[in-house]
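Protein chains in written order, with my numbering: chain A, 1 to 373; chain B, 1 to 373; chain C, 1 to 373; chain D, 1 to 373.
The set of hints was computed from the structure by calculation and includes no laboratory data.
Among the hints, a few may not be true.
Covered by chain A, according to a simulated footprint, are these stretches of chain B (three or more residues, beta-carbon under 8 Å) [claimed, not checked]: (1) 53-60; (2) 75-86; (3) 252-262; (4) 297-311; (5) 321-332; (6) 352-364.
20 Å max Cα-Cα, derived EDC-like pairs, lysine to aspartate or glutamate [stated by the list, open to error]: (7) B:Lys237 to B:Asp125; (8) B:Lys324 to B:Asp345; (9) B:Lys237 to B:Glu126; (10) A:Lys64 to B:Glu334; (11) C:Lys237 to C:Asp125; (12) D:Lys286 to D:Glu372; (13) D:Lys156 to B:Glu362; (14) A:Lys112 to A:Asp209; (15) C:Lys324 to D:Glu61; (16) B:Lys156 to D:Glu362; (17) A:Lys272 to A:Glu126; (18) B:Lys64 to A:Glu334; (19) B:Lys112 to B:Glu140; (20) C:Lys286 to C:Asp345; (21) D:Lys324 to C:Glu61; (22) B:Lys324 to A:Asp260; (23) C:Lys130 to C:Glu119; (24) C:Lys324 to D:Asp254; (25) C:Lys64 to D:Glu334; (26) B:Lys324 to A:Glu61; (27) A:Lys283 to A:Asp260; (28) D:Lys324 to C:Asp260; (29) C:Lys324 to D:Asp260; (30) A:Lys324 to B:Glu61; (31) A:Lys192 to A:Asp209; (32) B:Lys324 to A:Asp254; (33) C:Lys156 to A:Glu362; (34) A:Lys324 to B:Asp254; (35) A:Lys64 to A:Asp33; (36) A:Lys324 to B:Asp260; (37) A:Lys156 to C:Glu362; (38) C:Lys112 to C:Asp211; (39) A:Lys134 to A:Asp71; (40) D:Lys324 to D:Glu362.
Computed from a prediction, not measured in an experiment: that's the story for all the values here.
For every residue, glycine included, the Cβ atom is placed at its ideal position computed from N, Cα and C.
4 protein chains.
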Amino acid sequence: MNTTTVISQENIVVGEVANGLPLTIPVYRLKGDGTGPSVYVQANMHGAEVQGNAVIYQLLEQLKQLKLKGDITLVPYANPIGCNQKSGEFTLGRFDPITGTNWNRMYHCNSKLASQFAEQYRDADEQALKSAFKTTLIEEVDQQLNGPAYRLTTGKRIALNLQKLAHQADIVLDLHTGPISSQHLYCPDYAKTSASYFNIPHVLFIPNDFDGAMDEASFCPWWQLTEALAQQGREFKVQVEAFTVELGSQEKIDLSAALDDAHSILSYLNHKQVFIEAAYQPKIMKRYGCNLNNYLAYYAPMGGMVEYIAPLGGHIKAGEPIAKVLRMERYLSEQPLQTLSLECDAIAILHFASASVNQGTELYKFFTNVFEL
Amino acid sequence: MNTTTVISQENIVVGEVANGLPLTIPVYRLKGDGTGPSVYVQANMHGAEVQGNAVIYQLLEQLKQLKLKGDITLVPYANPIGCNQKSGEFTLGRFDPITGTNWNRMYHCNSKLASQFAEQYRDADEQALKSAFKTTLIEEVDQQLNGPAYRLTTGKRIALNLQKLAHQADIVLDLHTGPISSQHLYCPDYAKTSASYFNIPHVLFIPNDFDGAMDEASFCPWWQLTEALAQQGREFKVQVEAFTVELGSQEKIDLSAALDDAHSILSYLNHKQVFIEAAYQPKIMKRYGCNLNNYLAYYAPMGGMVEYIAPLGGHIKAGEPIAKVLRMERYLSEQPLQTLSLECDAIAILHFASASVNQGTELYKFFTNVFEL
Amino acid sequence: MNTTTVISQENIVVGEVANGLPLTIPVYRLKGDGTGPSVYVQANMHGAEVQGNAVIYQLLEQLKQLKLKGDITLVPYANPIGCNQKSGEFTLGRFDPITGTNWNRMYHCNSKLASQFAEQYRDADEQALKSAFKTTLIEEVDQQLNGPAYRLTTGKRIALNLQKLAHQADIVLDLHTGPISSQHLYCPDYAKTSASYFNIPHVLFIPNDFDGAMDEASFCPWWQLTEALAQQGREFKVQVEAFTVELGSQEKIDLSAALDDAHSILSYLNHKQVFIEAAYQPKIMKRYGCNLNNYLAYYAPMGGMVEYIAPLGGHIKAGEPIAKVLRMERYLSEQPLQTLSLECDAIAILHFASASVNQGTELYKFFTNVFEL
Amino acid sequence: MNTTTVISQENIVVGEVANGLPLTIPVYRLKGDGTGPSVYVQANMHGAEVQGNAVIYQLLEQLKQLKLKGDITLVPYANPIGCNQKSGEFTLGRFDPITGTNWNRMYHCNSKLASQFAEQYRDADEQALKSAFKTTLIEEVDQQLNGPAYRLTTGKRIALNLQKLAHQADIVLDLHTGPISSQHLYCPDYAKTSASYFNIPHVLFIPNDFDGAMDEASFCPWWQLTEALAQQGREFKVQVEAFTVELGSQEKIDLSAALDDAHSILSYLNHKQVFIEAAYQPKIMKRYGCNLNNYLAYYAPMGGMVEYIAPLGGHIKAGEPIAKVLRMERYLSEQPLQTLSLECDAIAILHFASASVNQGTELYKFFTNVFEL
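Turn these sequences into a full structure, and let the hints steer you where they fit.
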């Protein structure tokens, strides 16, 4: 095909381990003609959540056949420590093994920036404002990266290096998975209409609160800017859309599912006019929404061995069994097989990765107070 | 039901952790009328291999409705450290987290015992010989348990306590699982005919070598005794049968599969005349065998993210793809999707639990040079 | 001795692990005559920080010889999961191994309570107010403990059980250690004068911000109440004092140092009139203070193998070497031995427990802008 | 200095991790004039045992000022996985985190080789025999490294790459440390006289049994060859000396102690005539020996918190206290402070790295039946 887009690769250094070897991350870039929004996609920030790498593979296979309006940057293996942190057969890459800090809670957000900026750029036009704010966000990250080296934790340095790439884009997609999980999407409340362009049946709507994650770090400053300008009576659309795309279960590579996921993302990007003449369209499907404060974590009410019953993506009625807990040390002294249920209707989104649970282990997460999109 | 068999419970102490809390294991016992062989079943020696507990649950549910000839002892949660050793969401219970020693390689076997015994009991009749040897095996274990406390490692103490129970039985079943695995059975070579009474399609035949595992610790001394007596020209059947039953995948509880597995075990026990008038019969199915030295471990020839293709239990032809390895850091520099295959026909028995592998991680295990039973 | 105080023991259940065994914590109680403040002391919330158990041992040995005005409750082994969580030879007990959450960030604080209370008890006298607020704090905890079991994480359940005990006391001491550390004390700003009654040379003054720790959970509500009443123009002393006592290094038991630490605590308690006629007095020593916002974390500016040079408790001048980093993979290409220093004067309080560090590992913590108490 | 020896560096690739990054090890080489024995030194095969890297640093600093007869190869950071495997603050690098296999038990030894060789080279002179055997040992390793990639585990591949370097040398030193440990030396029985040229007070004499370690892998084949030739009546000195040098405690870098250790090694190498005119001489000191079968492991007879009393390197009398075990959960019910002792005289060589121990944790290792060298 004579219209293919060139892919270039850069390896960025985001740290160093104890024996001095550099931690590097591959960054793939495709150039657009500059007439569409730019896109940033990363995967595998949590070590066990590998399927996003396969999705980036399938995206590259598609993208190289397309003509692009906007630049696209794709980053697999975003966390070279998390990726390679084994403990037994599984990948222990959800948090820094030294400190316990979740790798996806270390991004940066200066919550004072938006209001200062709204004041300072009161008279700027939309394009100037957008451009200046983007520059400032990148400078903020650079300032930290270029400050005294002794001020940055391992995870912060990785996060800032990624965030610097993400701030250059208008659309940010952070590819994750749950433990054992159905597909779902974290979508900022203001971007509700975009949610229906992904082929993802379950959408979680999140508010303008920064809790350290990549998606929030990408959209919160812009959302705050919109709000600050609204207080001046000025309407200014949030300029950046950012999503956490939960692809399914961790510790799995499935190339065919990855192709479906790539199509889902391409459909959304097509809607955002990233491509010149591409055919990707969303599937017709029922999509269900839930607000973050109705996203229910169900912790094991007792220790034991769990058979998970509520099917992922399944609509559960109040009182229906969601799991059975086997407690063999009590075979004679009490009912050794306890049935758990929920007190309200819900959709089961994900469950714990192991059958062995302590009392208080997060067993399931449920959408409650569900609505149709 | 007026014919039910009484179940009794004892909790045995097998150690103490750092804050002084005792490590206890529940032991369930059912009495027979003394006319049949006695049975020992344990589960969950490896922390993540929990399905055996569900099988013991289903066994108890069945056994309490039967009349027994032989005594039956059932031990779920055989390893209270392994059971509760979490690292991230998964259970890190395959080895002692302090030393790395596999919990199922710490049983005891005195390889000199059999020949000494054959000499000493040259003139004893079969029954006396069996009874004396059994007593001696138990005494050997007791001697170690009652020796200076400072001589026993954590794992040895747990193993010896279990082994003491196992040596009292004529039939020993150690319930395990693979990582992601099809059902298979470790069967000592001399007990080939028994293998067909389990509903397990894949049987691994193992020689008379002690490598520290429960099944070997149970049958090796008896097999050695048979061999020592054979050198005297005396025929003496191996008096004990011991199997490692691999139930499927780790980290899973499936009560319905557990019922099937219980039926499989009950069918074997029925064949060994443990019950008075029970109906359990083996399923008619093709069973495939493989000798241990043909059990092929296939280690990842490169690091990467693996899509497992060879289906578990599936018969693979030489050269067919068994897995794909995604190597996204080389998307531009070489073929990023490598296909792996095997140089001979095989049955895929189990594969690694995670998609993330280092070069040299055990990817698959295969039966090769397979024969039908 | 005919004046000894009786010690009683209760074992409280704070959870259950996967094989159904209960997690229990021993609670020791001594009764006072009711005329003095009551005291709560706990140790070993972080698994590797064991020295507090030895301090509780030495406290009990002393206390049983004293007459008490106030009740004293002592809780060693406060975290039965953390205590027993090994990974290699060391204890991995700083965070929940499943989630990464720091065990000492899971206590409860309802920050709205104080202002509501100040309004509601506007006319109550000091004693009534104190008593009612204490009752309410305990009820808040009980409410959560008695709510739906599926709402509590493993760590929250442990924390709430301990917090319920702590809220009953007027003085709360949470015994911790650093990794490799000198003795230091976390002291709420309002309790400055109390700091000098401990034999601890380094004191960190912390503001009225709740970040999930036991000391904060104990004093923040009372401090908030004082502030809320101050806004009414009413003076109301903060009724509770709570400290995190950092005893030294983790993974060490030293009974003689524990006796010194016990004397330090007894000296403070004697000052607070917990005892009838006791002789414990603080040592005469220089004590240095530092405000929490001047507590400097120094992260490794490069990966490597570290020789720690700054002595713990030592006063470091700006520019002096604090550590050397060996980078053997660069022996020929650059200076393989890098010297690190600080840009300001400081006292070295603690350093990392291992010589192996990634870029960004917390290497040292320093008091800066130090003042004498 | 115009006489300095040139150091060259090569980075060898010994594997690949999951995100495809290569595992590399730096190899430093110095050339001799060919008239003396060649030397191989490696460090840090176990991740936490870092001090050997500092010793290699100090060796390089000395060696570059010397004239060498034999070639010297030095390999710091020998295990790039173990080096960087953190779990909490400590380095979990004693065993493969996936399998539990000790990294220093994966070397190769073909125990049939020596006797075949003795037969085949019956008529060869000493030099030819040595040279051919060395070539064969290297070829054996190469054969495995160049065989099907799917046959090698992660650890085997690392071990074989190092072993290939080691087999090229006449003297092999593997630098390790204990957990908390005094200096000691593993010395093959035939090299007894060499032991006194190291400045190491405690020497463990080991027999000709291969258990997978580097030192054994280096000397066992040669020792077996000597024995096989002795059976022909031919005297043939063991041509290779290999030692495991235990430098002290893990997780520590001490550059000044490293200089002492470098002098100790240089003194031995000087004795072996590796240098032209060097002044290194052993210190005059008492050296104590112990045979491996008298090296006593003392496992914790109960769970608890341990104060280690027996000083490392200290000569302990039978019955003297070696440790106290605090068991605070039994403060009222039994003696909470248990004293442990040994039933024979001994030298305490090392103890466990943590105060928290399960029943059965290896508490101490002792030399017993000690003799003076």
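| request: Sort out whether Glu334 (chain D) lies within 20 Å of Lys64 (chain C), counting only the CA atoms. | output: Between Lys64 (chain C) and Glu334 (chain D) the Cα gap is close to 16 Å, so the pair holds against 20 Å.
| message | What's the verdict on Lys156 (chain D) and Glu362 (chain B), does the C-alpha distance respect the 20 Å limit or exceed it? | response | Roughly 12 Å separates the two Cα atoms, so the pair holds.
| Lys112 (chain A) paired with Asp209 (chain A) [C-alpha distance capped at 20 Å] | Since the Cα atoms of Lys112 (chain A) and Asp209 (chain A) sit roughly 13 Å apart, the hinted pair holds (cutoff 20 Å).
| said: Please verify whether Lys324 (chain C) and Glu61 (chain D) have alpha carbons no more than 20 Å apart. | reply: Answer holds: Lys324 (chain C) to Glu61 (chain D) is near 16 Å, not above 20 Å.
| field | Restraint status (C-alpha distance of Lys324 (chain C) to Asp254 (chain D) at most 20 Å) | value | holds, 10 Å
| Going straight from one Cα to the other, do Lys324 (chain C) and Asp260 (chain D) come out at no more than 20 Å? | Roughly 18 Å between the alpha carbons, so the hint for Lys324 (chain C) and Asp260 (chain D) holds.
| request: Sort out whether Glu372 (chain D) lies within 20 Å of Lys286 (chain D), counting only the CA atoms. | output: Distance ~7 Å between Lys286 (chain D) and Glu372 (chain D) Cα, so the pair holds.
| field | Given pair status - Glu140 (chain B), Lys112 (chain B), alpha carbons within 20 Å | value | Distance of about 12 Å is within 20 Å: holds.
| task | For the pair we were handed, Lys324 (chain A) and Glu61 (chain B), check the Cα-Cα distance against 20 Å. | result | holds, 16 Å
| message | With the threshold set at 20 Å, check whether the alpha-carbon distance from Lys283 (chain A) to Asp260 (chain A) stays at or below it. | response | The hint holds at about 11 Å.
| field | Distance restraint between Lys192 (chain A) and Asp209 (chain A), which requires alpha-carbon spacing of 20 Å or less | value | holds, 16 Å
| request: Sort out whether Asp211 (chain C) lies within 20 Å of Lys112 (chain C), counting only the CA atoms. | output: Judged against 20 Å, a Cα distance of about 15 Å means the pair holds.
The structure meets every hint from the earlier list without exception.
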